[in-house]
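Trainee: Whenever a hint applies, use it, and build me the whole structure from the sequences.
Protein chains in written order, with my numbering: chain U, 1 to 242; chain X, 1001 to 1213.
The hints are simulated quantities; they were obtained by calculation from the structure and are not laboratory data. The structure presented is a predicted model; accordingly, all values stated were derived computationally and were not measured. Quick reminder that beta carbons are idealized off the backbone N, C-alpha and C, glycines included. One or more of the hints may lead you astray.
Far from chain U, some chain X residues (derived; all Cβ distances over 10 angstroms) [said to hold, decoys possible]:
(1) E1023
(2) D1047
(3) W1048
(4) G1054
(5) R1067
(6) K1080
(7) N1082
(8) D1084
(9) V1095
(10) R1115
(11) E1119
(12) A1122
(13) M1125
(14) D1172
(15) S1176
(16) E1189
Calculated pairs, SDA-like style, for lysine to any residue (alpha carbon to alpha carbon, straight line, at most 25 angstroms) [as the list claims (entries may be wrong)]:
(17) K1094(X) - L223(U)
(18) K1094(X) - V230(U)
(19) K1179(X) - N1200(X)
(20) K1025(X) - K1179(X)
(21) K1094(X) - F1185(X)
(22) K1098(X) - P203(U)
(23) K1107(X) - P203(U)
(24) K1094(X) - E212(U)
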Amino acid sequence: MPHKCTSCGRTFPDGSKEMLSGCPDCGGNKFQFKPRGRVERDEPSKGGSGSSTSDTDTAKATSTETPKPTSTDPAKPTSTGSEGVSTEHESQPTENNRTDTGTGVDTTDTKTDIDTTASDDADQTPVDPSGGTERVGKSGDEDAAQANARSDVVTPDELDRASEPVPAHDTKGPDPDSGDRPDIEELREELNEQFESIRIVSPGKYELNLMELYDRQEYIISLQEDGRYVIEMPDAWGISEE
Amino acid sequence: MGLLTNLRDSISRVTDGLFASDEPKRIGIYGPPNAGKTTLANRIARDWTGDAVGPESHIPHETRRARRKENVAIERNGRKVNIDIVDTPGVTTKVDYKEFLEHDIDKEDAVRRSREATEGVAEAMHWLREDVDGVIYVLDSTTDPFTQVNTMLIGIIESQNLPVLILANKTDLPESNVKQIANAFPQHETIPLSALEGENMDEVYTKIAEYFG
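Mentor: This is how it looks when you write it as structure tokens:
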């Protein structure tokens, strides 16, 4: 039974539509993905079911109890190693409707839930892909919408790095010297190439790509130090009238 | 054909005039941080409505959300112009909380201000794309106008075909150099002023009526 409700423990078969609107027994909206043939273990965020206020806490709890997710996990977006705000995470249209994973639940909350679950998967999924066990993200084994939603979140790795007070890791990124640069054209080119709208260099320190901010239809209305942000979507999103 | 063209132009002018009188033009006050945008917005709003738009400060990024003063009616030479003034956060490519530490602001507050300022820039850029009919671009005449931000913003405004009025502010300061601003953007008229002291505001209002009326 690959999906287990973290509140009451009820399990659901892969692709089950019952869990799409929450656990029918307890109403919980956190589920843990357990590949078949896997040994049960403690969940990383106990008592967190139904909570919609502890986004960063949950993420931090996850990060302290679990090792960094391995890059071999096919369900993770390939750009997780990129720094700062990558606006693709929330604005990128996906093939399937993301709300499938959490109908009736606040979007941010849903993302956190998925995030937690995904990190647990990473913990449990062996690096060796040759085993006969199921792998997260195999479209044949898991409901496509769930697999997609799982991959469409900010990863714990990214959250960790964004919330760290000392930008030790960031300075090793593709932009090692974020100080003054003599050549404006060079800077401009660099800004355009390296990140999208806003880059968090470290908490309280930002770099902005003005052209990108100007060009975007949606606009960022709220930033959080953990790398999350809120955007306002235009009314006609997806219709592409303009 | 010439007659028809003239007739069409006349009708167009009349309809434009009708729209101009009915709906206020939304004029965004843009520029880098600490150029005096809020001081100018307050000066205009106080002169014509008696109210202020927002608090002024020497601390950069004091304006971290766009503020609007609606239906400011400016009369010049028998011509009345209705505008909504949008005072926007200073636009920049980098925001660093350390800027605030120099102004006796503790680190936690500085980090928060920094985040809000960044959101403000995003908002200002969005407004420029979506919501303004004209731009008053305010520059500090004591500083070098040849910056990436100024060049980029003026370029964006020009590409949108928005009417833009460039103001060289802070002429009350001894190191003010209006000429270098005029030289930086020769394609536009540069109006000197001191929003703080109210110097040359008559000309500013005349130009607002001319550009945005």
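Trainee: What hints, given by number in increasing order, does this structure fail?
Mentor: 9, 10, 11, 12, 13 and 20
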